[in-house]
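Novice: Protein chains in written order, with this note's numbering: chain S, 331 to 639; chain Z, 1242 to 1564; chain E, 82 to 601.
Among the hints, erroneous ones may be present.
[Stated by the list, open to error] Have a look at the derived ranges for each label pair, beta carbon to beta carbon:
no., chain 1, residue 1, chain 2, residue 2, range
1, S, 416, E, 216, 28 to 36 Å
2, E, 501, S, 360, 32 to 40 Å
3, S, 466, E, 437, 47 to 55 Å
[As the list claims (entries may be wrong)] Only pairs whose alpha carbons sit at most 20 Å apart, straight line, appear in this in silico EDC-like list of lysine to aspartate or glutamate:
no., chain 1, residue 1, chain 2, residue 2
4, E, 574, E, 180
5, S, 378, E, 356
6, S, 503, S, 455
7, S, 378, E, 355
8, E, 574, E, 185
9, E, 574, E, 540
For the record, the hints were derived by calculation from the structure and aren't laboratory data.
We put the CB at the ideal spot given by N, CA and C, even for glycine.
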Amino acid sequence: MRLDIRYRTTFTYENLVRESQNELRACPRSDENQGLISYRLQTWPSSKVFAFTDYWGTRVDAFGIRLPHVSLEVVAESSVETFQRPLLTVAPHLETLRDPAFISAHHEYLQRSPHADWGRGIEAEARRQRELVGDDVVSLVLAVHRVTGARITYARGATEVGIEVEEVLSQGKGVCQDFAHLAVALCRSQGIPARYVSGYLFTRDDSVGADVTDGDVVEVQTHAWFEAAIPGFGWLALDPTNQKEVGVRHVKIGHGRDYDDVQPLRGIFCGSSSPTVEPRVEIRRVRTNASPVFDRHVRDPQMEHQQQQ
Amino acid sequence: MLARDAESLFWTGRYLERAEDTARLLDVTYHGLLETTPAEEAQAWSDVLAAVRLGRVFAEGRRPITAASVSEYLVFDPKNAGSILSAVEQARENARTVREQLSTELWESLNSFCLELRGRNLRADLEFQPHELYGLVRRQCQTVAGVAAETMARDEGWRFFVLGWNLERAEMSCRLLSVRYRQLSPSAFHQWMNTLRSASGLEAYRRTYQASMDPADVVEFLLLSRTFPRSVLFSLRTAENALGHLALDGQLTRPLRQLGRLRSGLEFSDVRELMQGDLGEELRQVEEGIRQVAASVATQYFSNSREFDLHSLHLLPGEGGGR
Amino acid sequence: MPPDRASATDANRASLFADYDLGGFFDEVFDADNHVRPHYAPLLAGLDRFTPEDLVRRARIRDAAFRSQGITFTVYDEGEGIERTFPMDLLPRIVPADEWQHIEDGLVQRVTALNSFLDDLYVGEGAAIHDGIIPIWLVETSDGFNREAFGIPVPLGARCLVAGVDLVRDGEGTYLVLEDNLRNPSGVSYVIENRVAMTRVLPTVFANQQIRSVDHYGRSLLNALNRVAPPASGDRPTVVVLTPGVFNSAYFEHVFLASQMGVELVEGRDLVVDDHVVSMRTTQGLQRVDVIYRRIDDAFLDPVVFRSDSTLGVPGLMAAARAGNVTIANAVGNGVADDKAVYAYVPELIRYYLGEEPILPNVDTYLLWDEDQRSEVLDRLDELVIKPVAEAGGYGIVIGPAASDAELEACRVNIEADPRNYIAQEVVSLSRHPSLVDDHLEGRHIDLRPFVLSGGDIEVIPGGLTRVAMQRGSLVVSSSQGGGSKDTWVLAKGAELVVDSDAETHDGTEPAADDVEELS
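Make the full structure from the sequences, and use the hints.
Specialist: Structural data, given as structure tokens:
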């Protein structure tokens, strides 16, 4: 599926901000499930963007603005083609998780991390699932996926970054990264390597996964899901928020141990406090013969500095 | 040089001069009052507080104005950031942040001065040998200044040090006059003499004016002398010279313009006219002018430092409009 | 050395060393038969006219001099900073030329391998991991492994621009590596200041000695920093020293290094990043910076990338380094190579990268995640030294033979909870050196931290910081643990070691104590 994505975030500050330094992770990666066709980033005020690939393989755009400004707008536009994912054809035994080579290769995704740390509640839930499904890795991962959806309901603004997953589990509500962190923690507590994924989802409403007609533009947010390593297969991607397998409507930006490794925009600013933030993602499905772009955002051309991938 | 280092050197100079001026003022007041009435004494001590611009803050503490209370407040009260001890500590702290810019001798003399003050029983000193204490502060400040003059290269750092030092001195001499100018009657003879003593200018004054204690002569001497290093004009000329060296390619910077105007205003004024006019207002304007120069110096050279109000951005997926 | 000369010297030391007890340890000054080692003979000859009282008086002069010069470090106790001097013992430690050559060769070899390992890890292919020399998980679980530094190049691969390698000598006098310090090793200022203090307080003991000088350190450091400047910065790169500020315990050293090199000492707030280029704020506007010798820990360097609450660092610095516009020294992420568990693999890394046998051996080390090694260690906990892997400065170390039962039990619980976080080592019977204690000389355990500079060629400063465990019997010699230091003399090759007793070295020209005070 060919998708055009327009990531846009506007910060409006109360007073003049004299300096702002940021890192953006909004560019879809290219891998066996999707191919990046084009990417470009613009900021207002304009800035010189330095792009690199980080440890996790995610493209990072670093930019700083050091002249007084009261708002900062970041627009990243990409075109991406997503592919059908291969069908799962294996059903490895839980014992296969103990293979030293497998453990060594996935070591980082087996450890606790700040946002995917587990305590008794999570461990008990994971063990219960394990007893229910028997000794097959895939079944356990799917059970984790289902129970994540069953134990928490989506509630916008229910949580903030920094909340413990145990707390998410006990209060029973959260946003997409809480679903992903909980699923990751449940998997890891049972020795299944799992990672947090940041990306975009082309759908009108995450919670029902409603379909969208070709050519429609939908407004969404960046999304999060998780991937679990299945011995003999590779990474199985699941979207616990929507209780769906990850497919052609999911566009992956990157993965890591948890949110901190793939935070979409992190930075600091200096000179004012409490900005209002307006993040917005627009996604449009493109038929292959259609023009791949949105209407160009009209701006003062002198302020415009383009960074073309 | 680093903007922050320049600022630290500027303040090292200012604080040292502040410590010295305060010690001088206290010494003279204390020893000038041994034969006066309690009312005169209270007036003299409140003049001291006025001269260091701490009268209002002191009054907030609801303390009686006595020799002991004011001296303690101005010598070592930890709550008074303008006390001699605080000023020396701050001079040292500022110097410590620019140690690599200072000669070892300069740092050592300032550091040991500070350590000595810290190690003394200042309360006992005030009670039993105030003169020795003030003498020590004065001598040590002069030692530091002398070591600085002998060992520091005449580079930017030196100019900022001299600038801070002389702006402080000019301001202090100006305030000394402000406090005294109302007492124009000849009977206030010994206050005028003390004022001169406070500025260490009595001997130099006598060589110029002999035994006269005409207030106009004293004002002329402390405000307009071209030869006495503690006069307002002399200090401003020294400061202007330092600023001139700091301006690249003879560029006329804002602080230099302001200081030039201020200095030439004094340079060409006539003490008789001043005495007939509103001397108080004149002094107030000079003092205000000095403050403005200091503010412009900060804007021109120091304001380049970042303020410490960093905030981090956190942006959640699923926050804001959609999910 | 003729035998009669030796016995004469032995006789001379009667006064100072009257009750000196070797205590069964390897002593740096005396051999097992209580004879003075030849390289100490001239020193002892020079000292023999001093009474203990003389030495005590000189020690006081030294303390006063250090305080007035502000040669201090800050100890934080309940939030209150206290400036302390790092006491220097008056008896210098002497290393003969051939021993030093051995140390130097070993250090060059070790630091070369560590630089290769770090470069391999951060910008290479991870060859040592792929080839099974070091387990990948060990690297990935190291606190010092900074994924944020992944892919940031360092010119010449000089990642450990300044390394401080802690050496000890065992009961046979063999030099062993105790640990590597590759992040922000401190102490070099004391090496130089101790030498200056020695020449002032005890000038005559330098007579008849050819001691290699250490005062070129600033120049060598600046040269190394210049060599790692980004290629675009031209012939005269701008180098700065980045300090956390006056409240840092090693602030004196930061000042010292900046002034030795004649470069600016900056704080984070003095630097700005514009378009991925770093500049410092000067009275004349911004001036570009090419190399930052930083004395700030990784986690505080850049709030965009690391701790966002840190105001010590420079926002945008990491991206500037990645863009190749500025070099940060020491490189970010070096902590992975001085992790004490990774330390155990350094001999293997030397063989792997250099194809050589290690010249300086490690102390025998047990890795506690290995079940067999762990159970052996837990059985012998009271005989071993247990160290947390990521701490420096002697914090968290448990010395089995000296620990109480409760301490050992707590240690056992910690190990079982997180075996990756600890290593165990055999207790090294550290060598001892006579040191002035109150008014007499006693043997005290010592170590040695030489400083190694990378920047193309590797240079070892002849000498280093000899640290003394000032408490009797203590084996912990860190400055943060109340230790002292010694001036460390490396003798020049071919130096005459024989005292010419006819050429009187102490002819009454020794300055009186009061004169000395004025000198310092």
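Novice: Which constraints among the numbered hints does this structure fail? Numbers only, ascending.
Specialist: none
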